Amino acid sequence: MDIDSNKGHYTAPSLVIYSKTASYIIPKFATISTKSIITNLRMSSINPSGDKMNPFANLASTLEDLEIGGTSAEEGDSSASQTPPSNDGDEQSESEDDPERPENMLFEHPVDLVTYEEQKGSTPIFSRALLEQIWQDRKTIEERKGQTTYTGTDGTVFKTWEAIMPDILQANYRQVHYLPRVVLHPDFQKTYGQFRLSLQLLRRYNGVGAETHITAPYTVETYRRIYENEHKSIDTMDAYRNAIKKTSNLWNKSSARNLLRQNIIDASTRSAPIKKIICFGLGCLSLDPRWYTSALQHIAVFDIAQTLHEEYERAGRGDVMKPIEIILQDPMYEEKDRQTLHRLHKYRLGAEKMSSTLRFVSDPEGLLAIDEHTLIVTAFLPVEVPLMQILADLFAAGGGPAMMICDRMKPDTEKTEYTLRDRDAPHVARWLSEQYSKLEGGFEEHHLEPELRRDVYEESAREDRYWLKKMDLWVRKI
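No gaps in the numbering here: position 148 of the sequence shown is 148 in the UniProt record's numbering, and each next residue is one more.
Don't take each hint at face value.
[Stated by the list, open to error] Cross-link-like lysine-lysine pairs, in silico, BS3-like; alpha carbons within 27 Å at most: (1) LYS469 with LYS415; (2) LYS410 with LYS477; (3) LYS346 with LYS275; (4) LYS120 with LYS159; (5) LYS275 with LYS415; (6) LYS469 with LYS275; (7) LYS415 with LYS438; (8) LYS470 with LYS410; (9) LYS245 with LYS336; (10) LYS232 with LYS120; (11) LYS190 with LYS438; (12) LYS190 with LYS120; (13) LYS469 with LYS245; (14) LYS120 with LYS139.
[Claimed, not checked] Cβ pair distances, simulated, as ranges: (15) PHE360 with GLU444: 29 to 37 Å; (16) LYS245 with SER433: 36 to 44 Å; (17) GLU211 with ASP235: 51 to 59 Å; (18) SER127 with THR357: 22 to 30 Å; (19) ALA129 with LYS232: 19 to 27 Å; (20) SER127 with PRO450: 46 to 54 Å; (21) GLU211 with ARG128: 27 to 35 Å; (22) LEU169 with ASP266: 48 to 56 Å; (23) ASP154 with ASP266: 42 to 50 Å; (24) ASP235 with SER437: 47 to 55 Å; (25) ALA315 with ALA210: 55 to 63 Å; (26) ALA315 with LYS245: 30 to 38 Å; (27) GLU365 with GLU417: 33 to 41 Å; (28) GLY207 with LEU169: 19 to 27 Å.
No lab work stands behind these hints, which were simulated from the structure alone. Keep in mind it's a predicted model, so treat the numbers as computed, not measured. Beta carbons: idealized from backbone N, C-alpha and C, even for Gly.
Just need the whole structure built from these sequences, with the hints factored in.
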């Protein structure tokens, strides 16, 4: 995902507000005077009267930076959605610099996960059975009635979704929210639970307050999503194709491409064979230079697939001569993304038309598809998406994806206290230290040539913005 932000347009009458860490919805259109808003405040229907049906009534005081207007939008009118602000980090509002603001403090709040894990018996939370249950629950949700539940190891039952009227009548989209270990900790819930959408949803579904420790590790949100219509415009689709084709050609001539290909070839000699590349949160496509790097991320993935196929063919690896399956999962994909990326995939393949295939999936299909012959690729995933914690649970008995390109982490098996900024947890640190080795130096030496850099970032072109420079490559030991 591009620079820690979801991208897309959701519901009317609502406003999609973007911050450095998440996107969320306020029930009227507004003009944002600061980029810093309480993270994860996103509900498809919020009662502004402040009664019991409004789980966010106590956040009214945090919205002083919004100038509420009376603008409304027709369904499907993408012009009504706000453009995400730049996340370069060059400009910060006074509120963002204030360490005492709750939205800043909650990311720094430490909790002892080692003790919490011991109290819970070190039992994996995100098991394959749980993910399969989440997938099966979609049928109940699609019927727009009833509820879904989670039963903990102690027998406690929590509703993870409920058909709440009248909200459910307009809902046309479901999104799964997974709770990181820090958010599951009782101390964090008491102190900052009011600022986490996942906990607010669970409290609403179960009719409980801050005094109740919620152990359900996920919840499902249903809301009305307004889909873009860009794919219906021939001119717009031509603009996407031409822009990405130009970027693709510049990438072909770049040193960054050569270095990436060599890194992948070297890693493939000491990893299990790759048969799938599963990508999480690479972001929807945008011609806005603040978000255009998503296109470069997809180009790199398609190149990795072709590189692996060529290397296996050169080495005579008959066991992996089938096309590599590329699976893309991101809740923000629109129809224009599916069409454009399919065309880009075919364009990148050239003569190697059978080197890989491409398909899009929804949550949790991508997670369920992971096996020991998988390369995971993710970029700038929001910290509230505990991908590494889920993977460590899925493969607690041993093994894991063959390779992972993911956001940087510094796993430490001696560490006891964690914050929401930490992508790992004690069980992740153990899993990585026992099962994986990391590419020394990462992708630090990778740079984009000036022409490619300008093409991707325009006037804000800077070398340190190349996405891979902030990623690590992990290879499972064999």
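Against the structure, the hints come out as follows:
| no. | hint | in the structure |
| --- | --- | --- |
| 1 | LYS469 with LYS415 | holds (26 Å) |
| 2 | LYS410 with LYS477 | holds (18 Å) |
| 3 | LYS346 with LYS275 | holds (18 Å) |
| 4 | LYS120 with LYS159 | holds (20 Å) |
| 5 | LYS275 with LYS415 | violated (35 Å) |
| 6 | LYS469 with LYS275 | holds (25 Å) |
| 7 | LYS415 with LYS438 | holds (19 Å) |
| 8 | LYS470 with LYS410 | holds (13 Å) |
| 9 | LYS245 with LYS336 | holds (15 Å) |
| 10 | LYS232 with LYS120 | violated (52 Å) |
| 11 | LYS190 with LYS438 | violated (37 Å) |
| 12 | LYS190 with LYS120 | holds (18 Å) |
| 13 | LYS469 with LYS245 | holds (23 Å) |
| 14 | LYS120 with LYS139 | violated (31 Å) |
| 15 | PHE360 with GLU444: 29 to 37 Å | holds (32 Å) |
| 16 | LYS245 with SER433: 36 to 44 Å | holds (43 Å) |
| 17 | GLU211 with ASP235: 51 to 59 Å | holds (56 Å) |
| 18 | SER127 with THR357: 22 to 30 Å | holds (28 Å) |
| 19 | ALA129 with LYS232: 19 to 27 Å | violated (41 Å) |
| 20 | SER127 with PRO450: 46 to 54 Å | holds (48 Å) |
| 21 | GLU211 with ARG128: 27 to 35 Å | holds (33 Å) |
| 22 | LEU169 with ASP266: 48 to 56 Å | holds (55 Å) |
| 23 | ASP154 with ASP266: 42 to 50 Å | holds (47 Å) |
| 24 | ASP235 with SER437: 47 to 55 Å | holds (49 Å) |
| 25 | ALA315 with ALA210: 55 to 63 Å | holds (58 Å) |
| 26 | ALA315 with LYS245: 30 to 38 Å | holds (31 Å) |
| 27 | GLU365 with GLU417: 33 to 41 Å | holds (34 Å) |
| 28 | GLY207 with LEU169: 19 to 27 Å | holds (21 Å) |
In summary, the numbered hints that this structure violates are 5, 10, 11, 14, 19.
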